[in-house]
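Hints given; two lone chains; assemble the complex.
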Amino acid sequence: MSSFLLRGVRPLGGDPVDLLLSDGRIADVGVVGSVAGAHTVDADGLIALPGLVDLHTHLREPGREDAETVETGTQAAALGGFTAVHAMANTSPVADTAGVVEQVWRLGQQYGHADVRPVGAVTVGIAGEQLAELGAMADCPAGVRVFSDDGHCVSDAVLMRRALEYVKAFDGVIAQHAQEPRLTEGAQMNEGEMSAMLGLGGWPAVAEEAIIARDCLLAAHVGSRLHVCHVSTAGSVELIRWAKSKGWDVTAEVTPHHLLLTDDLVSSYDPIYKVNPPLRTAADVEALRAGLADGTIDAVATDHAPHPDEAKDCEWAAAAMGMLGLQTALSVVQQVMVDTGLMSWADVADRMSTRPARIGRVDGHGRGLEVGAPANVTLVDPSTTWTVDPHALASKSSNTPYRRMTLPGSVYATFLRGNATVLDGKLA
Amino acid sequence: MKRHLLSAADLSRDEALLILDTAEELARLADRPIKKLPTLRGRTVVNLFYEDSTRTRTSFEAAAKRLSADVINFSAKGSSVSKGESLKDTALTLEAMGTDAVVVRHSASGAPHRLATSGWIRGSVVNAGDGTHEHPTQALLDAFTMRRRLGSFDGRRVTIVGDILHSRVARSNVRLLHTLGAQVTLVAPPTLLPVGVQTWPCAVSYDLDAEVAKSDVVMMLRVQHERMNAAFFPSAREYSRRYGLDGRRFAAMPEHAIVMHPGPMNRGMEITAEVADSPRSTIVEQVTNGVSVRMAVLYLLLSGSESAIGSIEGESA
Ligand SMILES: [Zn+2]
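So the sequences go chain by chain: G and F. 138 is the number that numbering that gives the first Met the number 0 gives to position 139 of the first sequence; each next residue is one higher, with no gaps. 18 is the number that numbering that gives the first Met the number 0 gives to position 19 of the second sequence; each next residue is one higher, with no gaps.
Just so you know, these hints were derived from the structure itself, not from any lab. Don't take each hint at face value.
[Unchecked claim] Interface residues of chain G toward chain F, partial, derived using beta-carbon atoms under 10 Å:
| no. | residue |
| --- | --- |
| 1 | L106 |
| 2 | Q187 |
| 3 | E192 |
| 4 | G200 |
| 5 | H220 |
| 6 | V265 |
| 7 | W315 |
[To be verified] Residues of chain G placed beyond 10 Å of chain F at every Cβ, according to the derived structure:
| no. | residue |
| --- | --- |
| 8 | R161 |
| 9 | E179 |
| 10 | P180 |
| 11 | S194 |
| 12 | S267 |
| 13 | A391 |
Heads up, the beta-carbon is just placed ideally off N, CA and C, and yes, glycines get one too.
Same shape as in the complex, but just chain F (with noise of 0.2 Å):
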């Protein structure tokens, strides 16, 4: 593994493997009664978000644990990224108390990069979710999920609907599932797809029902208030009318094709209830397959050796 982990276009098709095969065995420790491996005794792994995002911080907080880690939450929302010291002095302090791994939230996009790139720190970056630009893990849970319940990836037909232009999770996926073999298919009005993205490994349409029917997976995007009052689209029922997923779409879609959102829906927006609480909708257990999978980041970023899986394996066996 590389020492951090910014972008799902860092990784190769191995080792997103590797991550993924690792988070299965790592997964079976959920069915034990001691929920805990000793691996990163000793290691300190920072939660650095600025941006609010209970279900991202509880998901590494509890990968951290589990791993045996010392996991120290640093809010540092309400510090403002117009006065750029934040970050940089922040960092300074992290290194201060040596840290092995830094988790970080941030709304500018790049600033992750910029952690591991500066020379501030010396331990581990990973990326929880920059501006809009990328979430790999996010990716990678979706990836584990989509695996689990279909096998592989090749010639899958991913289908992501919604807020492309501000999504960071589209961004990771498109670059994941691509490495990992599947055809992803964008699906947004024209106003919510960003310039550029012809050039994504990934194929762009705006009319949902006819991609529906083909999908084996169809993930749905969170659409954001805000987006309503700044033209990008007319109305909420409108937008819905047009790339939302209801029971209609959801009868099209093939029998064993399912239904993946992020989290936290809107629903009736861009889902409805009755396709989000469907046993074809994946959402729930994407929130359990982020622990495994974060486990498996910090546990390849930290110990860096394929050999302590065997270990984990040994005690399981």
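Isolated chain G (complex conformation) (with noise of 0.2 Å):
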């Protein structure tokens, strides 16, 4: 196993210190001189952060290779800063049961770009209808501790309250893909003035909103825990406040693109920009983005959703939601949040990294930049710009609506338990 010693590296965007990773953990933080046999990096200017953990992300393995597959997205995901990642359950077959989680957190394991956590569908086939096995996905290799519907809300009540009570048995938590399936059939884009100008079937803030409410009250009456995917509207952000100052346990993430892109990007009809939850109004990213810096909302995850060019290079009404998210989070949390001074860059360690590996029971992930601590570090250079090339992106797919736009920071490299999956920005 092989030694890095980051030198003059900033942990935390604090002061310059030498960081030794031997052994899969941190041996040594300080000023360290030099050491035998260990890679050197010159880490002047770094930012060290814990290795980012993504709660939300599409690999899209099993099923859909074409799109994605868990060797690419792992490899998106390193480039990206993260050392660990949740793999939605949304696959063909669905993550329904032990097999399939296995299956994913295995191929994980082999290629070793970053942990791969499984979700589990909460019902058989993410049809809503029936519990899947949630206890054998739990106790399986995979360990499964996230279990979610996403792309589908769990919109009956009774199913919703029994998923909840039943996870407590092992310390589960549910993920909910908030949207009331009535208040949003025929949805193309966010309901508002630019649905109503471009004719577009509208997507109403409250169709979000009422299903987190019924949640948070549902999690509060069983007493378990609650994780609301994907938060998109401002009202959202009171909900969670709320359910927060009552002391319930509910946690929730907001995406990148809702912290920086708004539904006035639409009115070019390209699909692109057609994601689920949709895009909201200006107010929505300010109310979005308050909520983050507060710590209202808790994490940061990407929603990484792959789509082949074919899903996207069509007409908005049949084209697939979703955008790739993995290699552009931390340049666009930097830019909205760090560069406008919203946030620290402890606070991006603290929403990308320690809360989303609390919130999903990660072991070894979103632990502090200390002596002992598992060596799982992101070195990120906040002085550079960037301009996404589609293409050049690790995903299979290029479905990314920052396309030509320059963006601040770059991650430098990626460290996973000691070993580089990223140095000097490029795949180690």
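Here it is in structure tokens:
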């Protein structure tokens, strides 16, 4: 096992120190001097963060290997500074059995670009009718702790109540895709001025907020953990804030694209901007940023959703929903949260590593950069900029809404248990 | 003129008036024994219809033929929108055939926009109705009809009644009539008005009786039968009582005021037969005017110069 000496790096943006990664752990912090046999990285000006943890990644394998695989998806993750990702369950077959989650978990181990934590489906086939074997998925080697029908809402209140209750037995969490299905029938974009103008079916904020309100009450009633996926409206932030003020165990995530992009972009009718939940208004974006900054929203999650070109190179109504996110997440967060002064790098570490790792119960990730912690570390160069080239990304798909945009900051290196997965901005 | 006609919102006042004036010139053709001009000889116009609409397709076809263009009717009905490849693949086919203009009707809002901006084809795109977005040539023919009956647009009050939420005709009319200087009021049950309508350049009312007496134009929209089962309003009977144009409301309109309908009508639902068939109803002439307006649009998009209009005037002189 190799050792890395990171010279003059700034942990969480603080004062420069040397960081020695050895035997998979952080072996030393401070003025280390030279270490025989260690690969020295001149990290002057780079910021060290605990390896990022994504709560919401679509790796598409099994079933849609034309869009993404565990291999390419985790390569994108490593290049984006992630050391662990949660692989969403809406694959084909659906990850609703121990067999499928174990398969995904093993593929992650095999490629070794990032730890893959499979998410188990809440209901069989994500059909919203019958609970999947949640316990079997929890007990198998993949050790599933996060359960989600993401892509679909567990809209049946009784089923949602039972799921919340049931996973208490193994410290699981239900990650809800909050979308009231009747209120979003035919919905194509955020309901508001823009949808009225464009003649696209409106997706009202209340369809998200009504489910969040209901689920917070249910989680409180049964005393369980609820996690709300990709919060997208100002009202949702208010509801989470209210639930937290009650002391309920409710957490939430926001995507980078909901922190940056607005529904004005849809006027191009370019399906690259078609996503679930939809891009909202500037007022929503502002509320999401504030909610993330004050900790109401616990985590940034990418909702990395690869799609092949033909799923986007068509008319809006026919296009698939979703956008890439792994390789651009940190840059977008730097642009909208750090460079604006809303958050520090320590806050970034908290929202993109510590808290998502805690929510997902991911051992060995999200720890502080202290001696003895597992050497899951990401080095960021905040002073650079880069222009996003969709075809230069590691993902098999190229559906990024940031194409041709210039974003700040780049991932210089990523270490997973002391091994470089990315070095000098390239896969190691 | 721009290269495409995708939305009534894209038209400046001058452009809109140019289309109406050109249509006025071209309408004279209809009175001649040979109703044909050589203007677009050798040009190919494709009617690409993903949605059935015999009346709109026929109108565009007649318009293109009267300008001597070659017309290909490409009925793509049945090709699934859920398999999104179809529009792009069809576009590439049309491009390979050397199409000069594509008249497209599609159930998906924005499909013509996508066709025009995606780089799939080089020709002009004319929106012949897309989803619940726009139907700009319908608005132009409505405006043409209004101008013929009422003269200018300035200060004229136009009331549009019915299913605004799903109506591309309403969207296009609001935009065009505002550009042309008319005052538009939308009347509908609140369930059939889009969220965000407050920002449109028009007034909104739930009360038809309050509006008819001050309207120069009352435009009735078709109510789709499927809306009746989707809780947009309690029953057809209640709808027609509150939002239908019957003899009593018709009698309350000013004497010069006209009644319009883009067709096809549900007689007895949004409009009674006596009103639809009255001489103040323009429903039949809207169809006739549709051909002239579409000729003007194709003509201006494809020949692209005002001078050619002079040649029509020369011929008719
Ligand atoms: Zn989702």
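To see whether the hints hold, each was checked on the structure:
no.: 1; hint: L106; result: violated, 29 Å
no.: 2; hint: Q187; result: holds, 8 Å
no.: 3; hint: E192; result: holds, 4 Å
no.: 4; hint: G200; result: holds, 8 Å
no.: 5; hint: H220; result: violated, 30 Å
no.: 6; hint: V265; result: holds, 9 Å
no.: 7; hint: W315; result: holds, 5 Å
no.: 8; hint: R161; result: holds, 30 Å
no.: 9; hint: E179; result: holds, 15 Å
no.: 10; hint: P180; result: holds, 15 Å
no.: 11; hint: S194; result: violated, 7 Å
no.: 12; hint: S267; result: violated, 7 Å
no.: 13; hint: A391; result: holds, 21 Å
The structure does not agree with the numbered hints 1, 5, 11, 12 stated previously, though it agrees with the rest.
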